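**Student:** Here are the chains, one letter per residue:
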Amino acid sequence: MDAEAAKLLGAGLAAIGVGMAALGVGNVFGSFLESALRNPAAADGQQGRLFIGFAAAELLGLLAFVVAMILLFVA
Amino acid sequence: MAEGGKIDPMHQFEVQPLFGQGWEIAGYQIPFTNSAAWMAATLVVLGVFMLGGMKRELVPGRWQMAVEGFTGFITGMIDTNIGKEGRKFVPYVFSLFMFILFANLLGLLPTAAAGVHAFTVTSHITITGVLALVSFALVLIVGFARHGLHFFSLFVPHGTPTVMVPLIFLIELFSFMFRPISLGLRLFVAMTAGHILLKVLAGFVINGSAGGIATLAIVSIPSFILMIGISMLEILVAGIQAYVFALLTSLYLNDAINLH
Chain P
1 MDAEAAKLLG AGLAAIGVGM AALGVGNVFG SFLESALRNP AAADGQQGRL
51 FIGFAAAELL GLLAFVVAMI LLFVA
Chain E
1 MAEGGKIDPM HQFEVQPLFG QGWEIAGYQI PFTNSAAWMA ATLVVLGVFM
51 LGGMKRELVP GRWQMAVEGF TGFITGMIDT NIGKEGRKFV PYVFSLFMFI
101 LFANLLGLLP TAAAGVHAFT VTSHITITGV LALVSFALVL IVGFARHGLH
151 FFSLFVPHGT PTVMVPLIFL IELFSFMFRP ISLGLRLFVA MTAGHILLKV
201 LAGFVINGSA GGIATLAIVS IPSFILMIGI SMLEILVAGI QAYVFALLTS
251 LYLNDAINLH
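If you read the sequences in order, they're chains P and E. Note that the numbering used here numbers the first sequence so that position 63 is 63, with each residue one more than the last. Note that the numbering used here numbers the second sequence so that position 218 is 218, with each residue one more than the last.
Because the hints were derived from the structure by calculation, they are not lab data. All figures in this text were calculated on a predicted structure; none of them were measured in a lab. Hints may contain errors.
Partial list, derived from the structure: chain P residues whose beta carbon lies under 8 Å from chain E [unchecked claim]:
1) G48
2) F51
3) I52
Computed far set for chain P versus chain E, every beta-carbon distance over 12 Å [as the list claims (entries may be wrong)]:
4) G12
5) G26
6) G30
7) N39
8) Q47
Each residue gets a CB set at the ideal place from its N, CA and C atoms; glycine is no exception.
Only chain P is shown next, with the shape it has when bound in the complex (with noise of 0.2 Å):
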């Protein structure tokens, strides 16, 4: 295969990787707001953590963007 195609392809892949993140942040606001509506009095008090969990989960999809955009303007 040609290699500039299979870099455009590769960062093509890559953003397979950002659509699996918006699962993963979804599923940490979607998890969230399903125990807030359960318990709200204490779902202010968690507000901190649940942005650790967004931040975790959004970081592998941001990684997989760099991927993307390292196959196509550096590599």
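Knowing the structure of chain P, use the given hints to seat chain E on it.
**Tutor:** For chain E alone, kept in the frame of chain P given last:
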């Protein structure tokens, strides 16, 4: 027909010297770039915002309430994450949060209407990386100053079976050393990705409108509506990323102060 793809989404990230091309230190050129100009602008806006609100009036006005809202927000975050001992780090985390927030928001301003190309300083890993390294260095300094070599117990959680200690130590050490990278990378990539997306959509709008009424209706107008939505999302992301950076910094400081 429009010459497709003439709009380069990466052009907005170019660092260009504004003046001082001749300045150099040890063979490296250090001109005053647009990046430096936007950092200076961020500091000026931040300074005006803070000075306007630090009047210490007994009955605060709107401006003072805005500033006190931000300081109270960061103080509350430090109190819940670190405790009373974290109070002396409030100024640092507050400066970090406000600088990142203002830099993110200033980079989103549509200043091109006034002939100035907006530049998001936080979309460069040199800047976010340095901010992350400062946080990481502070964690190391505080940790070693308070606990000495006992700080290494951070890498071996309580109750770890002796057999597992070397493996757990390596994993914890790796996750600790990855912190500054993830901290800087997250902010940099989140801002870069958003701005590329906005520029690509803007390219759709321009190229579509140049192609006649049909492409205008099918491509340009939906893209423009999407752009408005994405812009709102980007404002949200600008706030969230600044918050996450400050939150993670305070968590890492908590590790250094209280171990675990």
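**Student:** Check the structure against each numbered hint from earlier and tell me which ones fail, lowest number first.
**Tutor:** 8
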